[in-house]
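Q: Sequence:
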Amino acid sequence: MNHGYSAAFLRQTKWGDCRELDGGGWETVWRITFRPGGGSPQENVEIFDDPSIGFRSFLRSGAGVEPAAELVVISREHSMSAVNYPATYSSFRIVNDEVAEIQQIQGLPRAWYPPFR
1003 MNHGYSAAFL RQTKWGDCRE LDGGGWETVW RITFRPGGGS PQENVEIFDD
1053 PSIGFRSFLR SGAGVEPAAE LVVISREHSM SAVNYPATYS SFRIVNDEVA
1103 EIQQIQGLPR AWYPPFR
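Position one of the sequence shown corresponds to residue 1003 (our numbering), numbered consecutively onward.
Derived by calculation from the structure, the hints in this document are not laboratory data.
Every residue gets a Cβ at the ideal spot worked out from N, C-alpha and C, and that includes glycine.
Certain hints may be false.
[As the list claims (entries may be wrong)] Simulated restraints on C-beta separations:
1. HIS1080 x ALA1009: 23 to 31 Å
2. VAL1031 x ALA1113: 20 to 28 Å
3. PRO1053 x GLY1006: 39 to 47 Å
4. LEU1012 x ASP1051: 30 to 38 Å
5. SER1008 x ASP1052: 34 to 42 Å
6. LEU1012 x ASN1046: 33 to 41 Å
7. ARG1021 x ASP1052: 14 to 22 Å
[As the list claims (entries may be wrong)] List time: in silico SDA-like cross-link candidates among lysine to any residue, alpha-carbon distance up to 25 Å:
8. LYS1016 x ASP1099
9. LYS1016 x PRO1088
10. LYS1016 x GLN1105
11. LYS1016 x ARG1037
12. LYS1016 x TYR1087
13. LYS1016 x ARG1033
14. LYS1016 x ARG1095
15. LYS1016 x VAL1047
16. LYS1016 x GLN1108
17. LYS1016 x GLU1048
18. LYS1016 x GLY1109
19. LYS1016 x PRO1038
20. LYS1016 x VAL1085
21. LYS1016 x ARG1058
22. LYS1016 x GLU1103
23. LYS1016 x ALA1102
Build the full structure now, drawing on both the sequences and the hints.
A: Following this line, the structure appears as structure tokens:
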């Protein structure tokens, strides 16, 4: 038996809230909170755009007590389509590296999501 693999290391994550758009395509909204004292965006910020796959993301500043925002993804294919995974995680990396350090995604610890370094 290989002891290197165990269900104890699995973490159930949550995908962002997605909906089909009237004109075609999909919108996915990811709730993000930032580490305290690290700042957060004061207005909407364009994050990533890849027209070749029909993907665009921007950060919408959040309202609330804690430093928070929403990463909004507009995509041509369903948000859980494999073509969108690299662009989504690139968006998280850009937010983390250029805006503020992410503490949680969808209310779960950032470490539970695949590394985006």
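Q: With reference to the structure, classify each hint as holding or not holding.
A: Evaluated hints:
For the hinted restraint 23 to 31 Å between HIS1080 and ALA1009, the CB-CB distance of approximately 28 Å keeps it satisfied. Range check, VAL1031 to ALA1113: about 21 Å between beta-carbon atoms, so the 20 to 28 Å window is met. For PRO1053 and GLY1006, the hinted distance range of 39 to 47 Å is satisfied, since their beta carbons lie about 41 Å from each other. Between LEU1012 and ASP1051 the C-beta distance comes to about 33 Å, which sits within the given range of 30 to 38 Å.
About 36 Å separates the C-beta atoms of SER1008 and ASP1052, a value consistent with the hinted range of 34 to 42 Å. Under the hint 33 to 41 Å, the C-beta atoms of LEU1012 and ASN1046, about 35 Å apart, fit the expected range. The hint said 14 to 22 Å for the Cβ distance between ARG1021 and ASP1052, and at roughly 21 Å that hint holds. For the hint pairing LYS1016 with ASP1099, the CA-to-CA distance comes to about 22 Å; that is within 25 Å, so the pair holds.
For the suggested pair LYS1016 and PRO1088, the alpha carbons sit about 17 Å apart, so the restraint of at most 25 Å is met. Distance hint between LYS1016 and GLN1105 is fulfilled; the C-alpha atoms sit about 15 Å from each other, no more than 25 Å. For the suggested pair LYS1016 and ARG1037, the alpha carbons sit about 20 Å apart, so the restraint of at most 25 Å is met. Taking the CA atoms of LYS1016 and TYR1087, the gap is about 14 Å. The hint holds against a cut of 25 Å.
Proposed proximity of LYS1016 and ARG1033 is supported: the alpha carbons are some 10 Å apart, at most 25 Å. With a C-alpha separation of about 18 Å, the suggested pairing of LYS1016 with ARG1095 holds against the 25 Å cut-off. The suggested pairing of LYS1016 with VAL1047 holds, with an alpha-carbon distance near 23 Å, which does not exceed 25 Å. Distance check on the hinted pair: LYS1016 and GLN1108 sit about 6 Å apart at the alpha-carbon level, within 25 Å; holds.
Of the supplied pair hints, the one linking LYS1016 and GLU1048 holds, its CA atoms being roughly 23 Å apart against a limit of 25 Å. Under the criterion of a C-alpha separation no larger than 25 Å, the hint pairing LYS1016 with GLY1109 is consistent with the structure, at around 9 Å. A C-alpha spacing of about 22 Å is found between LYS1016 and PRO1038, which places the hinted pair at or below 25 Å, so the restraint holds. Taking the CA atoms of LYS1016 and VAL1085, the gap is near 18 Å; set against the 25 Å cutoff, the hint holds.
Using a Cα cut-off of 25 Å, the hinted pair LYS1016 and ARG1058 holds, with the two alpha carbons roughly 20 Å apart. As the CA atoms of LYS1016 and GLU1103 are separated by approximately 19 Å, the hinted pair is consistent with the 25 Å bound. Among the hinted pairs, LYS1016 with ALA1102 is consistent with the structure: their alpha-carbon atoms are about 21 Å apart, no more than 25 Å.
Checked against the numbered hints listed earlier, the structure breaks none of them; every hint is satisfied.
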